[in-house]
Amino acid sequence: MNILPLFVTIPLAGAFVVSLFDFIKDEKKKNISTNIFASLAGLVLLVISIKVIGSAGVYSMGKWKLPEGIVLVLDPFSGPILLITNLISFICILFSFDYMSGYNGREKYYSLFFLMVAGMNGLVLTGDIFNLYVFLEIASVASYALVGFGTMREEIEATFKYMVLSSVATAFMLLGVAFIYGFTFNLNMVSVAKALGSMEAPVGVYVALGLFIIGFSIKSALIPFHAWLPDAHPSAPAPISAMLSSVVIKTVGMYSLIRICYVVFGMNTGQVPEVLRVLGILSMMLGVLLALGQWDFKRLLAYHSVSQMGYIALGFGLGTPLGVIGGIYHLLNHSVFKSLLFLNSGAVYYRTGTRDLKEMGGLGKKMPVTGATSMIASMSIAGIPPFNGFWSKLIIIMACIKSSHPWLAFWAVLGSILTLASFLKVQRYGFLGKVKDSLRNVKEAPFMMQVSMITLALLCLAMGGLMLPGLYDLIFVPAAGIILDQAQYLKLVLGN
Amino acid sequence: MNNEKGMSEIVKAITSLVAASIMVFGINITFYGHLTPGGGFAGGLILAFLFILYYLAYGGDEELAKLPFKVNHILDSAGAIGFLFIGTLGIHFGGRFLYNFMKGGKAFHLLSGGIIPLENIAICIKVGASIFLVFTVLAVFRREK
Amino acid sequence: MNVPIIYTLCMILFSVGIYGIVTKKNVVKIILSILIMENALNLFILMIGYRKDGIAPIVQPGMDAAGFAASSVDPLTQAMVLTSIVIGLSMIALMVAIAIRLYERFGTFDISEIKDLKE
Amino acid sequence: MIELLLILCIVAAIIAIESKNLLSSIISLGGVGFSLAIIMLFLSAPDVAFVQILVEVVMLIILIRATINRDVTEVKCKREFFGMIFGMALVTVLLGILLMGIQTLPEFGTALVNASAESVPAKYYIENGLAQTGSANIVTGVLLDYRAYDTLGEATVLFTAIIGAIAILRKKKTNE
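Chains as they are written, first to last, in the numbering used here: chain U, 74 to 569; chain H, 2 to 146; chain C, 2 to 120; chain A, -11 to 164.
Derived by calculation from the structure, the hints in this document are not laboratory data. One should not assume that every hint holds.
[What the hints assert, rightly or not] Which residues of chain C face chain A? A few of them, derived with a C-beta cut under 8 Å, are:
1) Ile13
2) Ile19
3) Lys30
4) Leu36
5) Ile37
6) Asn40
7) Tyr51
8) Arg52
9) Gly55
10) Pro58
11) Ala70
12) Leu77
13) Leu83
14) Ser91
15) Ala100
16) Leu118
[Stated by the list, open to error] List time: in silico EDC-like cross-link candidates among lysine to aspartate or glutamate, alpha-carbon distance up to 20 Å:
17) U:Lys138 <-> A:Glu6
18) C:Lys26 <-> A:Glu106
19) C:Lys116 <-> A:Glu68
20) C:Lys53 <-> A:Glu95
21) U:Lys234 <-> C:Glu114
22) C:Lys53 <-> A:Glu(-9)
23) U:Lys234 <-> C:Glu105
24) C:Lys26 <-> U:Asp369
25) U:Lys564 <-> A:Glu106
26) H:Lys104 <-> A:Glu115
27) C:Lys116 <-> U:Asp369
28) C:Lys53 <-> A:Glu115
29) H:Lys71 <-> U:Asp99
30) A:Lys159 <-> U:Asp369
31) C:Lys116 <-> U:Glu227
32) U:Lys234 <-> C:Asp111
33) U:Lys136 <-> A:Glu106
34) C:Lys26 <-> A:Glu(-9)
Yeah, the Cβ is synthetic: ideal placement off N, Cα and C, and Gly gets one too.
Work the whole structure out from these sequences, hints included.
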């Protein structure tokens, strides 16, 4: 398990070094060298995260044992999330090569990008609640700066809104940590879990739990805490929108929520899943209804992120193994197809300069790769077989029925149909139909953009294969075991 | 408007008088962070204050804007890389990231803390450069407008 | 029912910060409210680790180890607070940068006039 | 004594939020910060108090430089009645919940009294900190040895914020 600290140190070193590329005077040379550097670092991260998949282990920082030190924990739940984070970030770096030519200050962009990745990797791997707060703060601060990277009116306004709401969320989270410390005098997850399990929980523990749920719900943009997302995600540059929507809200929001509430507090039955179910259904339905009325391509996608986060919350909120598996599976799938959709919107914006669906039309003929990949992604998100979105939604709906919540299944199906309607609109107005006169001279997106989009589209197809029994047993079953059985987590970290 | 920039002659004189002692204080706070209250962060802030004091007293908005923030920027990154590097040395010497590999030495002496004073120095450089960088950026921005 | 008065006052300070964030329309006021909130939080964490008549967690030469261990306050909360103070400072630095850009773009600090994004 | 200083803090905070003049708001905020530093001294935390004072000074300078010389230092906006009522209600609910929570906390001033070094890391630190890390200041020992990973994260947050601020205020804008 000696490679675990590399997940944090490589992106950190990359961020610190790449910010020094500022001193290359020639803009062109600077762009090329930062591109090469960033993609190499991203590739290394991707390779090491493929290497750790399927394994589990503990790494103690500075040779300090529990409970006085900090440990990094790789368990079956964090493994897949780590892989998807580094995979999507590598693809987004490839996409940035051409897309970021509209902006200057490329080295700052990559520096912030790597800091965001470092923050997410750190918070996924950590086994300590205060350390989780610190790394969450790194990822958040980097994302504030990245949302406002264009520094135009919209971007600055969106990032200010995002920052205010988000800092309230982190403050709530820190207050929760303080409460937990006040009761248990411990910070690492294992000791906290043991201490909370051995005492009769006082009211303050539930207050802390509520603070965590509110804080992470703001971070993962569940309705009614979603106000910042539809502004912040469309305003960022397209690769960053893809990162924010597909990875950041999941690691910073949903992963941390499940990690703290289910694994640390051990509350995987009872009220907490119920709250998650309610928030999930609300976000699922209201998100998709709000998305239906949008004409701004990226804003529509942002509302769909809210809606799909609802599905994930619903899956986790069922509290049954099948539901949790559905939640994780949908989380991974959503990362792939939502980042693909945002990259599509970026490619369209790069060539046409518009995000308004009414001004598009017939782009599928002019940009065949973008058109085809966006078609695949739309079908994935709408849950059409054989694409990956179908399988995970199927699991969630089956889990709803099996745990005797047929109404929840009904809402999930309805939400899926509305999603389909909304993406038919996107395809109809954006990519099919007649080519508008203003778009006569539009060319296909540059090569690297095509590469990244095609990779993601292939992944959309391939990830249906995770349903095969071998992979299913390897990835999802142990993850659900860790989430739903606190004892397994304790055993993994403590050894026996 | 008169040509004199910054504050009055008295402030300038006092600034140059106290500058040395502020510097010594900041360095002392950093080096002895593991024995007395303070540490790299406080020391770095104090050193940044020294430069801010100069800048406010002598009114160097224009000079600051011309000053390429190269040095600061390098120091900022170098401090962070230094901390990371010390942590990585721990892997080499002790098998664990951030392992304190230089333990030993008499208690209550400068070298008793192993890597702690080194980390303090790295943080001091990083924080001092960072805080002064913020002022530089704000000054440059005001100048450009 | 005993009301822990010090914790209560600390929570009131926290709520004052939240109140400012919710109701104020001025960018600088919002930043100040966030600062107040963070300060209250830091104080709360520090209070949790306090021990009555405790001494600072710094060993002086010639101090007896057992006596020190029996009377020192919690060093871990202080380390946490130091970390969170720095994080607060960083947040404020970035926020001020954003606020200055906001002022340059919109010419005002009043967020009720900053409404480019549609609802 | 701590209570009195805290009440002073709350009053200063309310003045900072409600004052019409931005500059006086910022100055009252300084009042909050400095009284907090004194409270921290009362709580036997010299390290934290030291950093708190320094950070407060930085914040005041940054905030004053950010707001002064802009043409508005007066807040002109009218108070919205409903907004205020809504804010009050929200804060009251939140405060009620938090007060319920803090009543069940261990009593103020009893931390570490009955703790054992096996289960409570803080106790372990004060018992073994000097011998294991060689740092007489246990807080520094915790920050830079036991929990140095946190400190790496903290330094990174600062780095991130500075790079972010430079990026937000950078010279050339986008080519659009």
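Violated hints - listed by number, lowest first: 16, 17, 18, 24, 30 and 34
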